[in-house]
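Protein chains: 2
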Amino acid sequence: MTHRILPAIMSGGAGTRLWPLSTEAEPKQFHAFGGGLSLFAETVRRVSGDAGGLSFAAPLVAANAAHLALVKRHLAAAGAEPSAIVLEPVGRNTAAVGAIAAALGHELEPGALVLLLPADHVIADRAAFLMAIARAAPIARDRIVTFGITPDRPETGYGYIKAGAELAPGVFAIESFREKPDVEAAAALLAEGGYAWNAGMFLFDPHVLLEEFAHAPKIRDGALQALAQAVRRDGVIYPDAAAFAAIPAAPLDTALMEKTRRAAVAPCAIGWADVGSWSEIWRLAEKDAAGNALQGGAAVLDGANNLVRGDGVKVCVAGVRDLIVIATADGVIVLPRARAQDVKALRDLALGNSD
Amino acid sequence: MTHRILPAIMSGGAGTRLWPLSTEAEPKQFHAFGGGLSLFAETVRRVSGDAGGLSFAAPLVAANAAHLALVKRHLAAAGAEPSAIVLEPVGRNTAAVGAIAAALGHELEPGALVLLLPADHVIADRAAFLMAIARAAPIARDRIVTFGITPDRPETGYGYIKAGAELAPGVFAIESFREKPDVEAAAALLAEGGYAWNAGMFLFDPHVLLEEFAHAPKIRDGALQALAQAVRRDGVIYPDAAAFAAIPAAPLDTALMEKTRRAAVAPCAIGWADVGSWSEIWRLAEKDAAGNALQGGAAVLDGANNLVRGDGVKVCVAGVRDLIVIATADGVIVLPRARAQDVKALRDLALGNSD
Chain A
639 MTHRILPAIM SGGAGTRLWP LSTEAEPKQF HAFGGGLSLF AETVRRVSGD AGGLSFAAPL
699 VAANAAHLAL VKRHLAAAGA EPSAIVLEPV GRNTAAVGAI AAALGHELEP GALVLLLPAD
759 HVIADRAAFL MAIARAAPIA RDRIVTFGIT PDRPETGYGY IKAGAELAPG VFAIESFREK
819 PDVEAAAALL AEGGYAWNAG MFLFDPHVLL EEFAHAPKIR DGALQALAQA VRRDGVIYPD
879 AAAFAAIPAA PLDTALMEKT RRAAVAPCAI GWADVGSWSE IWRLAEKDAA GNALQGGAAV
939 LDGANNLVRG DGVKVCVAGV RDLIVIATAD GVIVLPRARA QDVKALRDLA LGNSD
Chain B
639 MTHRILPAIM SGGAGTRLWP LSTEAEPKQF HAFGGGLSLF AETVRRVSGD AGGLSFAAPL
699 VAANAAHLAL VKRHLAAAGA EPSAIVLEPV GRNTAAVGAI AAALGHELEP GALVLLLPAD
759 HVIADRAAFL MAIARAAPIA RDRIVTFGIT PDRPETGYGY IKAGAELAPG VFAIESFREK
819 PDVEAAAALL AEGGYAWNAG MFLFDPHVLL EEFAHAPKIR DGALQALAQA VRRDGVIYPD
879 AAAFAAIPAA PLDTALMEKT RRAAVAPCAI GWADVGSWSE IWRLAEKDAA GNALQGGAAV
939 LDGANNLVRG DGVKVCVAGV RDLIVIATAD GVIVLPRARA QDVKALRDLA LGNSD
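Chains A and B supply the protein sequences, listed in that same order.
For the first sequence, the positions run 639 to 993 when this note's numbering is used.
For the second sequence, the positions run 639 to 993 when this note's numbering is used.
Just so you know, the hints here were simulated from the structure itself, not pulled from any lab data.
Idealized CB from N, CA, C, for every residue including glycine.
Where hints are given, some of them may not hold.
The following label-pair restraints were derived from C-beta to C-beta distances [to be verified]:
id: 1; chain 1: A; residue 1: Glu662; chain 2: B; residue 2: Pro792; range: 48 to 56 Å
id: 2; chain 1: A; residue 1: Arg711; chain 2: B; residue 2: Ala707; range: 50 to 58 Å
id: 3; chain 1: A; residue 1: Gly672; chain 2: B; residue 2: Ala826; range: 50 to 58 Å
Could you put together the complete structure from these sequences and hints?
Now the structure itself:
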């Protein structure tokens, strides 16, 4: 049988750890990293058309209200027409988006499953991803399925999910959620086995999700109210600003997934990466023989294992190792790869943010 | 008595070792380094008015023909009207400029001495400089006086001059010239004493210089011919391009000073620096407690002994030491302070120069 799937693309991320390329005006998901299309456009294209027992509807997009023009441009680059674009007047995290996607999914594509995806991840193996979706689809009629990424290193930046009983080939009940571990704990989880990274991608039947929002009724009711009072014009949905702002902000994971008994996990190895930091981008990038990743206008003279990227300006480095050097019209950063987590602090320093 | 002095400002330098701030379109001398005025404007202002037995005429400026607008702007910033601006259609080094300055000095300020100065040096102690000029002036009626900088470190980037017999208080015959030494030789010269750095600044009577050009008659004759065929308009002198291009290119030091018996040196400690590299600029700059020199839009989080400068863009560094980081609209460079000599190679790399 063929499963009808409505992709719901969440484009609310700010990508502050990829400053100065990722900015408020043009965040991470609207940039390309080594490929021709942006992460957003790649995400849209990945879940389109008919493939492997799946039939994808035109995507629903939830985005920051300031990014409407960007969303339209990157949808066009992906060759996609949206089912609808929901503009969030303020960010209220993924639980609110999940509730709105469920309600709109029911309305726009009755009977379809909703596939809720961040717009700013890389998935290198599309075929494996589609296969995981197809395996998860039957279970998603009764449970909320999260796609768990099979870990290949003791990563401390993600939450971990422990798989329980197998419900169907490749789909498991969830035994427990584990918050971001330290490096020793992460290594122990890897050694123990049966864990997957929580990648924040969900497949669900709208009815099931809205029922399970009994665990977070204020979020659901607030989202439905903001939607009921929305203005709709030219395929764009503007939720009521006051009602939307009143929705409690929470991730779908903690608000719902960690509470419901109707969760499931589909572990998969799909070449996933969240492209969450410049060190991650160096790890994923093509590199020269000396380990330098050069992107945009960039050159290295006698240096090793650097990430050097110039957008609109030429960046030249000599005699340095293991550095991140990023230059755009918005700013320039230089720091060791091992300190990529400090980018947010540098951004605050540059923008004069005191928080 | 009061000595009448015509300053002749040589603005032909390219400053390639200060790329990407110093560019062909706007080279080093037209930038400020820690002060409010550019090196050019500071140079002009330093030798103006009446002071300490000296009476300065309005300056003569020799500049690249492409920089006329820049020269006028920086003269205005210095509050100066020029005696004349000579536009060089091509660079022919300092001997040609010296010959032209002597000929024009004779014409514009009969009886005055000519003070030939690079436009791109720092002289922190103006009073000491003026005193050195005043001491040298009587000797300059019969000899070409070069100002020698009393060395304070075994610098390998400059030529050295050995002082001979004292001709007048603080002015000496020249015993010998010494090309740029290696670091051991430089240390030996310092230990031996009696040496001064050759700073390329000259005080002379036009008649004397033109006579001594008997050691380089082709340069003198070529310069005089280019001047005789010049177009003069609105205070700007355009030497004949073909005649000017035919002048042999040579520094005044090797073409004349090392050959004439009528040379003298006036050693002086005047806070001189040629601002020849980014490491020199770090050395001269004001620094924070951790040794970081921050210029323009620049910030450091937990780093030491760096030079960080942003012109038109904010540059933020974290966790690095002893680096030069310079960002302008023309390019970005990152390299260790100890490798500042590689800037020219980085510039060639960025501009695609193969030479």
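Evaluated hints:
no.: 1; hint: A:Glu662 x B:Pro792: 48 to 56 Å; verdict: 52 Å, holds
no.: 2; hint: A:Arg711 x B:Ala707: 50 to 58 Å; verdict: 40 Å, violated
no.: 3; hint: A:Gly672 x B:Ala826: 50 to 58 Å; verdict: 55 Å, holds
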